[in-house]
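Can you join these two chains into the complex? Each is in its own frame, and there are hints to help.
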Amino acid sequence: MSRSFLRPKCRTWFIGSVSVGTGSVALFAVLASSAPWSPGRFWGLIFGTLAAVVFVLDGLYPLRRRLMGWPFGTAQRWLQFHIYGGALALLFVLIHVGFSLPNGQFGWWLFGLTLWSVVSGLVGVWLQKWIPTVLASQLSVEALYDRIPEMADRLQSEADAVARGASDLLERFYSGEIRPSLAGVAPSWSFLVGLAGDRERRLTPFRNVAQFVSDDDQDRLKDLEAIVTEKFELDAQYSLQRALRLWLPLHLFPAIVLLGLLAVHIFAVLYL
Amino acid sequence: MARILPSGTPTRSKRYVLPAAMERRWMLAGLAGAVLLFGLTGLYFAGATGFISPGDLAAEHAPVDLQCAQCHATGLTGGGVMDLRCERCHDIGGSERLTHAGHVLFGSANALKTDATQEVACVQCHIDHRGRDWAVATVDDRECAACHLFGTLERHPEFAAINASIQTGLGLKFDHDRHIVEARDAGLDECAACHVQTIDQVAFEPIRFDEHCAACHTDDDGFVTGNTDPIAPDYVLAPDDVPEPWAGEIEIETIEAARGRSEYTRMRHADRWTLYNARRLRRAIDPEGETSEREALGGRIAYLEQQLTLEPLTTAGANLEAWADAFEREVTELARRLEGEPAAETDLAALEAMMAATRALAARVASTTDAEADLEDPGELTMPVAGSLGPDTTGNSAAELETRRNELLSLLEAVEARGGESLRDRAATLRDRVNGLSPQSGEPDTAAYRDGLFALDEIVRVLRNVPDPQARYEAAELDVLRSLAQQQVTGGLAQDEFEDRRRQLLSLLSAIERDGPGQLRARVAPLRQRVLALRWGADGDAELSRRLRRRRRDLYRVRLELELAATGESAPVGSAAPLRDRAAVQAELGILRTRLAAIEGGSRPGVALAEDRERQGFALESLLLPCLKCHELAGPKLAPVTVAEPVMARALFDHAPHVIQTNCAACHASVETSGLATDVNVPGVESCQSCHRQNAVRATCETCHVYHPPSVAALLRAP
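These protein sequences, in sequence, are chains A and B.
For the first sequence, the residue numbers in my numbering are 902 to 1173.
For the second sequence, the residue numbers in my numbering are 42 to 760.
Calculated from the structure, these hints are not laboratory results.
A quick note: this is a predicted structure, and the numbers were derived from the prediction, not measured.
We put the CB at the ideal spot given by N, CA and C, even for glycine.
A portion of the hints provided could be inaccurate.
[Stated by the list, open to error] Incomplete in silico selection of chain A near chain B, CB under 8 Å: (1) Ser935; (2) Pro937; (3) Pro963; (4) Gln1006; (5) Phe1007; (6) Val1165; (7) Leu1171.
[As the list claims (entries may be wrong)] Covered stretches of chain B (in silico footprint by chain A; criterion: 3 or more residues with CB under 8 Å from a CB of chain A, positions within the stretch not fixed): (8) 124 to 134; (9) 197 to 208; (10) 218 to 231.
With the rest of the complex left out, here is chain B (with noise of 0.2 Å):
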């Protein structure tokens, strides 16, 4: 009989590893973890995202809490936080202002710094999750060590204001010693007499002269003293000769002057017969500076009016589909040119497409009706040999040579066909020099390479003078290669010949603007853009690479909102630029408008010649001389008066709890015994240091800087 076992007795069991009883309990636990890992991500993808966040939103991101998709993309290979969905809100115009590289820009004024900077992700720095009261604008001061190597305002180099020593540009002469003696001895407070606080106290209201100059620099009148140099009547329109608005309120006295010169008095501050005599003398000395400076002020203008006006992009009411094709294609277009001008023979690939410009434009020459041109012997024409053509040109160098003369010849011949006898000799006179260009032997010779394009200029030059306006836009889109080429070639221009050669090419599209066709019209702003945003030093592959790069971002923000709106998840939260923001742009237009207004308007006289330049330039210094007791000319205008801006242009400096505590000689000493307007008045970093430091005033980074460009009108502006 078996043994009968008491309960509890344990059997031989062949589930030794697994019993049973455990086995069940295993499977149930298994169960259980296998439920709540798919239960858990169903609900995700079903939509209740809430269980999933690593915690609340701060209070500004409140109202996209929980809706990942806002920030977050998607996908086992590309998800994270992208820059592009901050940007959907805080950079709705694509300024790039909240980027690394505006805060490099910002910082630099360095555009080959900028574009080699490396990029940093928003999340880098701002953290989110960690609740409703956190403070995801505030940055950790590590952060701006990782570039920033001394860390700490302890390590702080010396300004680099202090060790500039000298400030410039600031467009006035001004000596704060005898300002202070004068403002002693007239009982008043040496610094309160001119420096008024703001209401804040953070800042000081700008100095103007009817409220702190007039009273001793004008006599009992209101006129400022001094009478102009005499000036022949040729250089400037006597005051009943100006038109109006500009007439009013002259009270301009005219004296007469030995050898039929006239001086003048009693002028006011900013008298407006001065100054409008002042920009007819400078439209006539250098018509292609103003040109330039109205360009660029109207494209900052027409810039930061857009930047206004922007509204968050939405599918609804834009057709983001057509965008989108429209960048891609634009993007193709532009890496298909990056890649076909490889850095090592872009010069090549440069005159190439120069050649195909030049053919297309003798086409066009052809047809224009009539031509005037100033053309100038361009000397000797020689070509390299063949081997600094490129790498492979040793067996074509003579076909290529060949080629080439054939199309100047062309060119030329169609220039003579159209133009007048003048423009025929001189025609003739090329001709026979470009018969003449023969290959050289012996080393590359990059020198005679560059002749060969500055002869080639001189061609361009010709045909930016004719009529027509699409022959003037082509030499223009000419002339922009054949500036790349030319950098390419010789390393680059020299900046005033850069600068030169700029202005030319603004003068030349706004001649087409003027006179060209709606439809050529709307061709010249994009490329108006492109010859303002050309740098100096900068090589071609870096300006397109640049325009790819920016349209590139275009393009995904486009595709972004269209990938949102098929989730369901389109409806951006943000609003344009902060009001913080706008404040900025609307201060900075009103002052850009000014300057516009400043140099526009008024008779246009003829472009002096070269030989008259110079006693027009006399003209003007002896015009602006009651102005330059003070003011400093810079070049054939006024300089900008920037005297009394922040001397350290990239830090914030609150003076409301310094002036609590201390008086201004605390800090700004030197001023007793400054005597230009140019020496530097304010204290080193060991001023500062002397209070800010750890466990005593807040010494963190944000104390005196910020990182990103406080609006999009200080990254126009950036130092």
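With the rest of the complex left out, here is chain A (with noise of 0.2 Å):
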């Protein structure tokens, strides 16, 4: 599979994205060696400060509709800011702390969240670039999500009516075999890493077990042998699009809580 799907969409934003952090880099690199470098003084302050308006224009970004686009005016944009805005937003925050890391429970706290929050959304951006590729060109199966459960349902029941008159070895071979890897969606994250190696273990026993099957029973193998392949597809369709949607809290709240803590922090420096 090509990676082409990382190649970024909008290279002007990749393009300035690099830019802005690699001279955000230089400055530090430049300041840092000729006076010591602090987090509240007035350079490290500056980087703080440009950390935290990113991240509060990224927690925007769920309300980018109601704010008619403001201030990006496209989804597009919004989108694009949201992402490198993000990733710039944690270089200003290794920047602001001097690369050096936290000493109390709270600056580990924002520490974490921040390096969560990034990551997990830059992990949500190779999953939405990654996912639809896999769906589109590895699965031949196309299936709503909350349909995809009845769906394996129903390719149990063909199953039965498929082995049902089958010769005993068939039987036996689809009782014991077969039938069960046919109960209900069996997600696994497995399908994140890739679908050869897993389609080609499910389908192995079919392969074995033609040769001693007999003529009249080649048919109700091969139908067999496709609704298995159905529900691999299924359940690999099910576990990838459960992970587009798990993704999502996994990165949601631990960025709202950011925000909180971003907010107390913020309190503190100007209060204390």
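So, in structure tokens, the structure goes:
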């Protein structure tokens, strides 16, 4: 599978973000070499403020429609800012603390949540680019997430109907090795890694048993193989779509906690 | 019949932007964030501050960990770590030793430079909340580079002592070259014969005459070699006439010389008879100088004793509200005076203040019983043209002159009424001259204005000799104001005039303190402090500004204690000065008390007349002739000996790691040919740079320097 899906769609944003990031690191290197760096001094505060502003704007992403697109205008620009801005915000945070580890509990919470939010966001970008590609290129079954359990049950009924009246060998083979795998949706994280291996693993028993099955049962065997293949793809669909769905809370809720702690941090800095 | 939709089929929904299921999740998430925000904030204000700490404090500050108010001022407009809160523990005496100004004063001894320096907050350099093992006292060298632009030892300029080439004020004549030869001939170690390392090998034991010099510089009986020159009996007390306790252990032998004079011999080092008579002669020649030195020593001793006895400021046992009120009043008064004496018109304001004081003094003098005066003819009295008195005096010059003339006349009348015959004659002469005052036409004449001030000075000098302590006190105040006026008019007194004037004022204040009532004595001390704090070259504004700044600091300290007491966080955990500081202060007190004892006590001869001073000076030199082989005179007294003190007073040098790696000659080779004590026999910076450099031996600023004066005593002794 080519990695073209990782190529940035908006090169301008990518180049701009890389430039800003490189410039910021260079500025930090120059400033930190001439004077001790501290989050509370002028430049440390500047980068901290920038990070805070970007995080707040990123937090407004779900409200972009209510804001009528302000301030970025289009959904595309909103998304690009959300992604690249978030990555830059992590860099700004690292510069803000002078690339050193935090010292207190609160600092570790802030740092950890920042890292989690940004990394989970970038993982989400990758998932949202990769999963549709896999779904489109490696799976022939298309199904809505909510309907997959029902479809899996129907497949089991179909398989039962095919296996009825089959030879003992085939029936034993079906009830022992095939039917259990047709019982309900079987999601797995391994689908995120790749599909070929699992698919091969599920179909290998059919090849092994084909030489022992009579000619009359070959058609049944092929039908069962097709059903198992379809079940496999439903499982893959379900797993991959679930990953997309689960990713959002894992990204969103820590990000909201981060915004809350950020407000506490800003209050503490201003008040104390 | 409606089509049955399978489960999961998306429907057309009005809630496209935020589906119902997602909205619930968003609201829950928002609620969680709000709970977190307000909950944590509420916890903070309820006292649970631990979670908000950015890290543990260093071990030294561990006792105040989680007590934010001990260091942080709170408030959205005025928060942050305040230096005042650091000083609650680290400088309870308000010596300003730990401020940036203290650093500048310690390094430069320049008060004007100190006053002009920008404040640097403690937290600029000392960062905390980095864990228990963090060295909060260690400062990055780049902080120093903010002012000392060379930044590293590699680029350090040549040492000032080397650039100066000679040392001054050492008090002793000493030639290393000859002594090294003598030591070598005697089979002694050339250096260790005199320079004995301390136990820790950091420095060397003080050089003592009895231990290191007496073997060669005294005869077999322990007397220093040489006699005095012939001295007339009027100028010294014979050994039999010296009172107790100085009379003990005098072994002086008198040798009759020509013309009724005597030579004296059999003197030991620091001979009591010699020093007693030297003190007498000094008092006769320079009473003001001795008084000034005694006052200065007394002031320093009092200050250092106070530093030792200070306790942290607390609301327990002290009426801090009353203190705050008193400080506030004083700050208001000082600020008013500072505003009332702007630089451009200070001369006029100072003159007006002086005239008001003169009027009060005239009234006081009118009630004195007797007056002795030594009034000299002040010369022609003229007043400058009106324009030089201020910005808008064109129409008022005649009226102002008339006012001042009347004031002077009333003053002189009062003096005339109370004085003896000679004083009345003098006052009459002055009155004629004052009557002859008239404005001159032409351009502003600062010189004439200055002459007028000098004329007033003469009158003040008369008044200082009246016996009324109150009158003399007010004359002292008048004179301070006159000095301020003169500085603004003329750009300042010459330094010797300035010191001369300070000595006179101190002498006057001592007289008042000795003779005046208790209430008046209490007022003498602050005025003495003001006089001692005056710095040549500084104008009156600078002195007032300095006082105002210090008093404001005191006020803020007291207010801080009251504020912390109100919030229940007033328990200071700091002690007074750290042990190292206390030891240094006590050592300094010992030195100062010894010096004070050396100039106190004994008889007080009459003040020498001008024509006799020169002869008394010769007598002093004759008396000290044996001493002057090695010692030096500083005016009418022996100069203090500082020759064995570190050459570079603003650096720390630990001999220990150096002496184990090399010998003395590696750095002090020049002593072989050094014939003068003023020679600088230490190596230059290049010698240090040969080892102390990056990736070699430690080369940070702290290797050799301290930022803060190591003790209050060291700040007081700023080089």
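Comparing the hints with the structure gives:
Annotation: interface hint on Ser935(A) holds; nearest CB of chain B at approximately 7 Å, less than 8 Å. The beta carbon of Pro937(A) comes within 4 Å of a beta carbon in chain B, closer than 8 Å, and the hint placing it at the interface holds. Hint on Pro963(A) holds. Least Cβ distance to chain B is approximately 7 Å, under the 8 Å limit. At about 6 Å, the closest approach between the beta carbon of Gln1006(A) and any beta carbon in chain B falls short of 8 Å, and the interface hint on this residue holds.
Against a cut-off of 8 Å between C-beta atoms, the interface hint on Phe1007(A) holds, since the closest Cβ of chain B lies about 6 Å away. The beta carbon of Val1165(A) is positioned within 8 Å of a beta carbon in chain B (closest approach about 5 Å), and the interface hint is therefore held. Using the Cβ-Cβ criterion of 8 Å, the hint placing Leu1171(A) at the interface with chain B is satisfied: the shortest such distance is roughly 6 Å. Judged by the Cβ-Cβ criterion of 8 Å, the stretch 124 to 134 of chain B is not covered by chain A as claimed, because only 0 of its residues qualify and three are needed.
Taking a C-beta to C-beta cut-off of 8 Å, the stretch 197 to 208 of chain B contributes 0 residues in contact with chain A, too few for the three needed, and the coverage statement is violated. Coverage of the stretch 218 to 231 of chain B by chain A is violated. Counting CB-CB distances below 8 Å, 0 residues qualify, and the rule asks for three or more.
Of the numbered hints stated above, those contradicted by the structure are hints 8, 9, 10, listed in ascending order.
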